[in-house]
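Peer 1: Single-letter residue listing:
Protein chains: 2
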Amino acid sequence: MQEILSMKNQKVKDWKKLHKKKTREELGEYIIEGFHLVEEAVKAGATVEYILFTERGKAEWQEWLVEQSEALLVFVSDEVMKSLSDLPTPQGIAAIVRLDEVLLDKEVAGGWLLLDNVQDPGNVGTMIRTADAAGLRGVILGEGTADIYNQKVLRAMQGSNYHIPVIRMKIEEAISFLLEKAFSIYGTELNKEAVRYNELPKSQNYALVLGNEGQGVRKEILSLTDKNAYIPIKGQAESLNVAIAAAVFMYYFES
Amino acid sequence: MQEILSMKNQKVKDWKKLHKKKTREELGEYIIEGFHLVEEAVKAGATVEYILFTERGKAEWQEWLVEQSEALLVFVSDEVMKSLSDLPTPQGIAAIVRLDEVLLDKEVAGGWLLLDNVQDPGNVGTMIRTADAAGLRGVILGEGTADIYNQKVLRAMQGSNYHIPVIRMKIEEAISFLLEKAFSIYGTELNKEAVRYNELPKSQNYALVLGNEGQGVRKEILSLTDKNAYIPIKGQAESLNVAIAAAVFMYYFES
Numbered sequence: 000m001q002e003i004l005s006m007k008n009q010k011v012k013d014w015k016k017l018h019k020k021k022t023r024e025e026l027g028e029y030i031i032e033g034f035h036l037v038e039e040a041v042k043a044g045a046t047v048e049y050i051l052f053t054e055r056g057k058a059e060w061q062e063w064l065v066e067q068s069e070a071l072l073v074f075v076s077d078e079v080m081k082s083l084s085d086l087p088t089p090q091g092i093a094a095i096v097r098l099d100e101v102l103l104d105k106e107v108a109g110g111w112l113l114l115d116n117v118q119d120p121g122n123v124g125t126m127i128r129t130a131d132a133a134g135l136r137g138v139i140l141g142e143g144t145a146d147i148y149n150q151k152v153l154r155a156m157q158g159s160n161y162h163i164p165v166i167r168m169k170i171e172e173a174i175s176f177l178l179e180k181a182f183s184i185y186g187t188e189l190n191k192e193a194v195r196y197n198e199l200p201k202s203q204n205y206a207l208v209l210g211n212e213g214q215g216v217r218k219e220i221l222s223l224t225d226k227n228a229y230i231p232i233k234g235q236a237e238s239l240n241v242a243i244a245a246a247v248f249m250y251y252f253e254s
Numbered sequence: 000m001q002e003i004l005s006m007k008n009q010k011v012k013d014w015k016k017l018h019k020k021k022t023r024e025e026l027g028e029y030i031i032e033g034f035h036l037v038e039e040a041v042k043a044g045a046t047v048e049y050i051l052f053t054e055r056g057k058a059e060w061q062e063w064l065v066e067q068s069e070a071l072l073v074f075v076s077d078e079v080m081k082s083l084s085d086l087p088t089p090q091g092i093a094a095i096v097r098l099d100e101v102l103l104d105k106e107v108a109g110g111w112l113l114l115d116n117v118q119d120p121g122n123v124g125t126m127i128r129t130a131d132a133a134g135l136r137g138v139i140l141g142e143g144t145a146d147i148y149n150q151k152v153l154r155a156m157q158g159s160n161y162h163i164p165v166i167r168m169k170i171e172e173a174i175s176f177l178l179e180k181a182f183s184i185y186g187t188e189l190n191k192e193a194v195r196y197n198e199l200p201k202s203q204n205y206a207l208v209l210g211n212e213g214q215g216v217r218k219e220i221l222s223l224t225d226k227n228a229y230i231p232i233k234g235q236a237e238s239l240n241v242a243i244a245a246a247v248f249m250y251y252f253e254s
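Protein chains in written order, with numbering that gives the first Met the number 0: chain A, 0 to 254; chain B, 0 to 254.
The hints are simulated quantities; they were obtained by calculation from the structure and are not laboratory data. Among the clues, some could well be false.
It does not matter which identical chain is used: a pair holds within one copy or between any two.
[Stated by the list, open to error] Subject to a maximum C-alpha distance of 30 Å in a straight line, what follows is the list of computed DSS-like cross-link-like pairs (lysine-lysine):
| id | residue 1 | residue 2 |
| --- | --- | --- |
| 1 | Lys-105 | Lys-16 |
| 2 | Lys-81 | Lys-42 |
| 3 | Lys-218 | Lys-191 |
| 4 | Lys-191 | Lys-201 |
| 5 | Lys-233 | Lys-201 |
| 6 | Lys-42 | Lys-233 |
| 7 | Lys-105 | Lys-233 |
| 8 | Lys-151 | Lys-42 |
| 9 | Lys-15 | Lys-191 |
| 10 | Lys-105 | Lys-12 |
| 11 | Lys-42 | Lys-226 |
| 12 | Lys-42 | Lys-19 |
| 13 | Lys-20 | Lys-218 |
| 14 | Lys-233 | Lys-180 |
| 15 | Lys-21 | Lys-81 |
| 16 | Lys-151 | Lys-81 |
| 17 | Lys-191 | Lys-12 |
| 18 | Lys-42 | Lys-191 |
Use the sequences and the hints to build the structure in full.
Peer 2: Now the structure itself:
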């Protein structure tokens with residue numbers, strides 16, 4: 000077991016920068032906070048490089064910590080933990096995890112959620128969590144979509160990235176890959192000339208494209224789909240939150 | 000048109016305190032920020048007491064502002080607006096609105112969403128917005144639920160409180176009121192012995208009870224309902240976000 004008590008430690012200096020996407024890509028690692036996420040990462044067999052814990056974390060999760068590989072454990076001071084956390088009150092446990100890029104492989108049968116430029120981290124995280132719960136096969140994060148290793152995305156996902164593949168790639172490429180495998184591709188738009196969501200044929204292999212909070216799915220993408228669908232707004236609200244719309248679509252397909 | 004440029008103005012001192020629930024109750028008013036909400040409040044006939052705008056707000060919404068009653072308009076300095084706002088960059092327009100308590104009256108036919116101790120303001124606001132969009136009749140906020148006039152709730156609601164009644168009352172009282180009117184009352188729980196949500200009989204007049212993010216709906220409440228239902232979790236996620244679960248339930252009933 001290592002011990003890092005000083006803020007001047009080079010590792011601490013590096014880890015602090017993991018809140019920036021650029022550093023995460025450069026160092027090939029990201030940070031997760033809180034027992035639930037750390038436990039999920041270990042359980043799922045993610046490449047955990049270090050498990051950091053404070054005095055408080057040790058007291059609270061001692062039983063779990065002793066079961067972990069000695070080489071991974073790093074005792075840190077409260078000051079070090081606080082400097083790595085973006086929470087007002089850090090939980091006392093965190094981990095540094097290798098950023099293993101997931102690729103779209105051959106076994107893709109099932110439902111896929113494709114996110115085109117969805118910017119709010121809370122929305123992106125919630126959508127991945129819902130995709131996991133609803134039983135989808137995986138999620139594709141297109142360009143402009145909040146980064147999966149952003150702390151707010153990680154918190155809202157609650158570990159679902161360790162349950163289903165979450166892949167960063169261009170939406171256009173994902174669509175052409177899935178079309179070749181005879182998937183049905185459905186875009187979503189707020190347009191009454193589109194199909195009502197619950198009139199879409201339920202297919203085993205499908206992809207749903209959800210878009211930006213303000214602009215929706217880009218026109219270029221909507222022209223690549225088999226059909227585009229909408230969720231009826233009966234009241235006076237102008238629109239649905241994008242994570243809510245995604246959930247209604249996903250549970251329609253998976254029920 | 001009035002002009003308030005000084006931070007020492009008594010009105011400014013009072014309005015700043017409207018971010019506290021206690022002051023809102025005492026003064027019987029609340030503050031809303033941003034053009035969209037102010038416009039919705041005016042359109043809906045809410046009792047708007049003042050419309051505050053800065054130089055920038057004036058430039059951007061001049062056409063709309065000149066259509067408003069002169070007596071409501073208050074030009075404020077950037078400094079005053081900033082002190083009233085909880086946003087990093089205030090939009091330049093806000094309003095002080097009379098807090099008119101809404102009561103459950105006789106015309107209640109339709110679907111109702113009852114929130115038992117839902118604490119996250121973003122969840123509460125999103126649920127009210129979704130209830131509006133899905134065509135529900137109204138929403139009841141039970142004890143412990145985030146206050147409707149909290150800024151984060153107001154932002155997430157996007158004005159839906161001006162479209163459907165949002166009523167603060169005890170869940171127990173709401174249920175007994177609705178039971179007398181022969182409503183079907185459905186609780187929600189993460190329990191596989193409950194009914195699957197899409198096996199619930201669709202009725203015209205119904206109430207759905209959603210509960211706290213961690214604990215769910217209280218047992219005492221679940222014992223008052225006609226049936227309790229759950230949404231199946233197919234993947235490895237432990238649960239759904241409560242606003243997501245509410246949306247799946249509401250769109251099931253309203254489709």
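Peer 1: If you check each hint against the structure, which ones fail?
Peer 2: Of the numbered hints given earlier, those the structure breaks are 1, 9, 10, 11, 17, listed in rising order.
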